[in-house]
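So the sequences go chain by chain: A and B. Under the working numbering, the first sequence has 480 at position 480, and the numbering climbs by one with no breaks. Converting from the second sequence to the working numbering requires adding 10000 to each position, the first position being numbered 1.
Hint data in this document are derived by calculation from the structure and do not stem from the laboratory. On a predicted model such as this, the values are computed, not experimentally measured, just so you know. Each hint should be verified, as a subset may be incorrect.
[Claimed, not checked] Computed beta-carbon distance windows for the label pairs:
#, chain 1, residue 1, chain 2, residue 2, range
1, B, S10170, A, E809, 49 to 57 Å
2, A, E769, B, S10170, 55 to 63 Å
3, B, E10022, A, F770, 56 to 64 Å
4, B, E10126, A, G527, 55 to 63 Å
5, B, D10027, A, L1004, 31 to 39 Å
6, B, E10045, A, T535, 25 to 33 Å
7, B, E10045, A, G538, 52 to 60 Å
8, A, H356, B, E10022, 52 to 60 Å
9, A, D836, B, D10027, 53 to 61 Å
10, A, E454, B, D10098, 50 to 58 Å
11, B, E10022, A, Y235, 33 to 41 Å
12, A, G538, B, P10029, 55 to 63 Å
Here a beta-carbon is modelled for each residue, glycine too, at the ideal position from N, C-alpha and C.
One letter stands for each residue in the lines below.
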Amino acid sequence: MNKWIYLLVFSITTSIAFSQNTVSGTVVDDASIPIPGVNISVKGTTQGTITDFDGNYTLEGLELDQVIVFSYVGFKTQEITYTGQTTLNVQLVESAEALDEIVVIGYGASSKRMITGAVSTVNAESIEDLEPLNAANALQGTTAGVNVLQGSGAPGAESNIRIRGISSNGNNAPLIILDGFQYDGGLNSINPQDIESITVLKDAQAAIYGSIGANGVILIETKKGSFNQSPTVNYNTYYGIQETSRTLPLLNATEYTLLLNESYANAGQALPFPNVNNIENDTDWQDEVFDTAAITSHNFSIQGGSEKTRYVMSASNLQQDGIVGQEKSSFDRTTVRLFVNSEVRDFLTVSANAIHTTNRSRGLNTFGLGSVLFNAANIAPIISPDRDNLDGTIDLGNEVVNPLTQINQTFNDFESNRLSGNFKADLEYAKDFVLTARYGFNFSNLNNREFFPEFDYGNGKVFSRPENQVNQNQQEFYDYTFDLFHTIDKTIADYHDIKFTAGMTVFRTHGEGLFASRTGVPNNSFGFADVGQATGTGDDQTNGSFVSELRRLSYFGRVEYAFKDKYLFSGMLRRDTSSLFGPNNQVGWFPSATAGWIISEEDFFNSDGIFNFIKLRGSYGGLGNDQIPANGFLSLLVGEAEYVLGQEQELVNGQALGPLANPDIKWETAVKTNVGLDLRLFDRALDVTIDYYNDERRDLLIGGIPTSGILGTSAPASSPPTKNAGTVTNSGIEVSFNYSKDVSKDFSFAVGFNFATINNEVTEIIDAEFLEGGQFGVGQPLPSRMEVGQPLGYFYGLKTDGIFQTQAEVDAHPSQLSLGAEAQPGDIRFVDVNGDGIINDEDRTNIGDPIPDVTMGFNLSLNYKNFEFNTYAFGNYGNEIVRNFERDQVNVNVMRRRLDRWTGPGTSNVEPRVTSGINTNKVFSDYFVEDGSFLRIQTISLGYNFPEKIYSKIGASSIKIYTKVDNAFTFTEYSGYDPTASTGAPIGGGIDFGFYPIPRIYTLGLNVKF
Amino acid sequence: MKLYKVIIAICLVGMCFSCSDEFALPDPPFAVTSDAFFLSQGDFENSLIGAYDPLQATYANVILGEIASDNTHAGGESATDVIGWQQVDRMIHTEVNDNLDDIWDFNFAGVYRTSYIIENADNEVEFDSKAQIIAEAKFLRAYFNFELVKWFGGIPIKPEGKFELGEERSIPRSTVEEVYAYIENDLIQAIPDLAEQAPQVGRASKFAAQALLGKVYLYQDKFAESAQELQAVINSGQYHLYGTQEGEDFLNLFEFFVENGPESVFEIQYTGAQGAGFGCLQCSEGNVAVGFSGVRGYNGPVFESGFGFNLPTQEAVDAFSDNDLRKQLTILDIEAWVADFQDQGVPVTYNIGNQDPQTGHTGFYNRKYLPRENDNLPDVNLTHPNNYRAIRYADVLLMAAEALNRGGIDDALARDYLNQVRERAGLAPTDASGSVLLETIYLDRRLELMGEGHRFFDLVRTGRAASFIDGFQENKNEVFPIPLEEIQFAQGNWEQNTGY
């Protein structure tokens, strides 16, 4: 109905307007489908129009020889000279790998062609192909130099994103900018299907973000809808089944009892199982713990627009249960979004955007010593699964408990609500002069409730609780950003394109939290777990609070200049003041410059040869990482002062000095250099990008830098000061290839490959020879170090040289007594690295590091008729992982590998003997360090687009069904659950404590468009 | 461009630069800075609690002092469990030893917090109990410094206040004599301002300070001064040996209900009312040494399980005569204990950890400081509430007896003091004098105080360590090495102790 009215009005207006010098026509795409919203302008004038829903347009008042320009995003711009035609139909050609694609670069945008920094983008199309659970997965393997590793496979776990290696001993997470505003909510709280594009700024181009941009910047733009588009309804849903991708090869009950008997016999001790024939249980604990779990997603969106206004509405829900603990580790995300953009007047455009997210998770102990999987890997197979209290079974030390009981006794509820929004106005107050004012905010609250029931796991077990306890906390964070900036975009004399951006931004974030915990929860039940219901009295009833405040005021400016679209220059400067900065460094200046030369635009260049496009570019600049601890420059009375006084032995509280102050504290400075080459070859089918980068991170903020004990820094809740005391460099090359070809009308394919090398080295630490971190075993020295000349967080331990086969070999070797015991045949032989004739802690050395030498990604998509096939893979090469999920205790279960133990001369030169006696085989050495290289087939998906005759029957405009496998297969030598295991910690990363493996997911999905 | 547009443009550009840097300089919300402290009586009282707090971390001194002596084996899960303790037990410790570093750090934290009060002592805030608070801070500083000089010999000192960043490179190690003079001075200044009855249970009294001063003198062989201070404590009449009066049983001396009892001259207070973790052992409000001393995997009545460290040796157990009540008080013979209960039909089980002959299982546990059944909070191994009897009246009597005898002052009185202790233990009084009396005092001192962390330092100060402790090297092991990290922080300012 509406359409008819429109047509009527249209025909009337065209007929009225028909006169001399008027041209009209239809703009269509390659497939002759009309394109609405095409921009049509007349060169050198302000005249212009856009096409309507049916691709029709009319232009009036033309003069002969004027040039009409037809442009539309994703298509090549066409210029046609007006020679008096009355009808001009135009077919626009899709620009195959659109060099003219718009790329956001912070406080502005540029085209891919003109960009001079190292920038990668992932667009909505890739996200549609991948259907990732989490926006971070969309970056995994698709962008060179961006390494995305999940901290855990547990539902809702955040990913660790690292751009170009690890530069800081502190926080290495990149800055996330959502629709122009700093976003601290984590990528998990963003619905991937709301995303239009993800842009990664990897080099000095990010200097426009000053003191917060040193770790790289991820710019996420949400979908904005289109003008002149009738409402499109999208409904996407999928259902998946998750399973563990791996189980550890562990001993069964018979093997376990025999091996343990041997171990006791070797130590001359009484056998724990004198009769191995009457072992009652043979429990496969991993089988007990792992389950298949469901995942369900619904996403509903409507987008469209009239001539002046466009809008998007969407709602989504994701529910994921855990493969360990099912609903006890579940994750639930619900999002709602509304976006409106309107051209109110010719000179004024406003938009408003709001996203509400609710995340709910359950917090099962999934990581580290004492996690469910750690227990499953270590508990003895001779114990029955229903044995909640391990008293009377074999002694497994105080940490190992029944993992099933642990799941049953876990009661947590974490909920976060977040509302993010912004309001933006662009005012073109003079031609080419635009003032942008925008206000963005994030409001979030977190409600966490933990309940620890009274429960006895067995005597002395660290999880046993004689009394129950509920912990509650509520936290609120509110931040706002106000930006005000000018953009001047001018072309002078056709040759000089100048773009000038300058303005200011104000940021404030304020957080408050209240904590309370109480014992005496009625009925020992989660149903009553509330501090208001609990009845506990006495000293166990605690409460606390915090307030945080951060403010930042910044001024920035950027000049971009292009001469004849060939020679490109830009310069940026940002000035930051921040409440984090110390009194001696209150203002930070962050300058950078970039340049580019599009060689293929030169007259001598034939762009129809092998090379169609060549651009050489470079950038250099300084950025900051402002991860300064709040009030690090102030001495505060925040130390712990607690003692017991009075006849009733009451706990009393006082005050004491907290961390030592450092008034000289300042941000970390990154100096980034990048040289890159963009190529396009073979009829624009192959795109190649090559970058060399060198990032030097100076003035590293080193918290708790070892300081003399006489300064009282070991007092409770005191600590050494945070100082700027180190330098780390990362350098390497990044290469990416993308080839796409339409072989025939029915068949097209695209293939991409990228890799990046990382060479990481610590070049300076002031005031300390090294810094330590990580954890190995219990009570062993810290295994990870930061030390000059070594990669950040390398593993520091003993080198091994096989197994002592005979006593003669032991006698001929330097004594290992200093490690705790004299060696015996069958024990690990350690290398006397410093050659002093004795094996001790001094012989520790670099035995690996967690930073990959090369990261890579691969993707392939095939389209044949109505079928789509996509696969993505990524991998790391040259990183090591420390196997630390085996509890150092005599009676725990062990990996099957131990069956190949040394039992006499010549039996093994790899696996030491088993013994319950004293030995040094558990001392941290390269025996525990494994090659962590892997290649993972992350996604394989096959989709089918129903033909028109089917979808049109139900009034749809497209229907697609697909099936997909995520985390399909991993090629690796690593023996633990998952080679992607990493906390991402700069010092202490790459240590596997019993990592919750990332599940394999089989998905069936449906996308319908109306 | 028209003029008004230019004006608008200028105004709009101006808007962009109208914010002041002051915006980014807020005061920290709800935080007390060091500039705004010690402004009231409450501030002083609160900071004093902060100064008592590090006493709880001296659990480390007690358990390692005992392991270092000939009384106990390190024990633990294996011969490498808490390697620093194992090395000290074998007397093969070096300057790289986290556990010795803990003792340095924890006690200097106490020095730092007490000095923070003392450096503000003369400010304008006046109130009645100020002198008492300052005096307690001085007592505590003396206590921490005395521990440091016992362990490490000459240490850096700064009597006027707390150390400031960088002073580790400028303030030298003082001599042992200078450190002792500093400790004596703090105590002598504190004594007149301290009340005879501490204002609260757990705080220092005048007699606590005098007992400590007597001990400090004894460590320097200043016998007359030592005897004088210790006798003042004895003659106060405020203390008696527990078990010698109606309704008291000596064997209950280390039970919870006798804490802060008639024998307690100074006692370090612990509670199980707050949880703790391995990440910060010094933050625990419980006695960490107790959980570490517990029987591994123990399942039975009376006690709770623990990590099986600090195991009395057969030789130490054999040093008790069979009729010495202190043997029962001090030693838990686990096999006999299990057998006794089994006879009553109560099953008792436990596990054995470290079986190394030099540092491992002996079958005996330090009963004075074993974890008793209680409802402490997790990690239950770290939060046992057993108070540490830092200065016991029996210790005061034995120190006084030693000072009187070794100073040639009064053997009869020395014998009297010693016999009070012996009689309480169910032993016959001695009539020895001279060097025979001294040997008896030494032996009774070992037996009376076994398990309480004094033995190693008693052997060292009396020059007898090498003949009792396996592996002890003279002119080296009398003190422990300054932690390597500290030597490095000092950048050449502090020299390592001889032999390390």
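Can you let me know if the beta-carbon spacing of B/E10022 and A/F770 is within 56 to 64 Å? 41 Å, violated
Measuring from beta carbon to beta carbon, are A/E769 and B/S10170 in 55 to 63 Å? 21 Å, violated
Starting from the range 53 to 61 Å, see whether the pair A/D836 and B/D10027 falls in it by beta-carbon distance. 56 Å, holds
If you check the beta carbons of B/S10170 and A/E809, does the distance land in 49 to 57 Å? Given a distance of about 52 Å, which is inside 49 to 57 Å, the answer is holds.
Looking only at beta-carbon atoms, does the pair A/G538, B/P10029 fall within the given range of 55 to 63 Å? Since the Cβ atoms of A/G538 and B/P10029 sit about 31 Å apart, the hinted range of 55 to 63 Å is violated.
Taking the CB of B/E10045 and the CB of A/G538, does the distance hold inside 52 to 60 Å? With Cβ atoms ~23 Å apart, the hint is violated.
A/T535 and B/E10045 - C-beta distance against the hinted 25 to 33 Å: 32 Å, holds
Taking the beta carbons of B/E10022 and A/Y235, is their distance inside 33 to 41 Å? Between B/E10022 and A/Y235, where Cβ atoms are some 52 Å apart, the hint is violated.
Would you say the C-beta atoms of B/E10126 and A/G527 sit inside 55 to 63 Å of each other? Between B/E10126 and A/G527, where Cβ atoms are some 56 Å apart, the hint holds.
A/H356 versus B/E10022 beta-carbon gap, inside 52 to 60 Å or not: 35 Å, violated
Check the following: the C-beta atoms of A/E454 and B/D10098 are separated by a distance inside 50 to 58 Å. Between A/E454 and B/D10098, where Cβ atoms are some 35 Å apart, the hint is violated.
Starting from the hint 31 to 39 Å, judge whether the C-beta atoms of B/D10027 and A/L1004 obey it. Check failed, 57 Å falls outside 31 to 39 Å.
Of the numbered hints stated above, those contradicted by the structure are hints 2, 3, 5, 7, 8, 10, 11 and 12, listed in ascending order.
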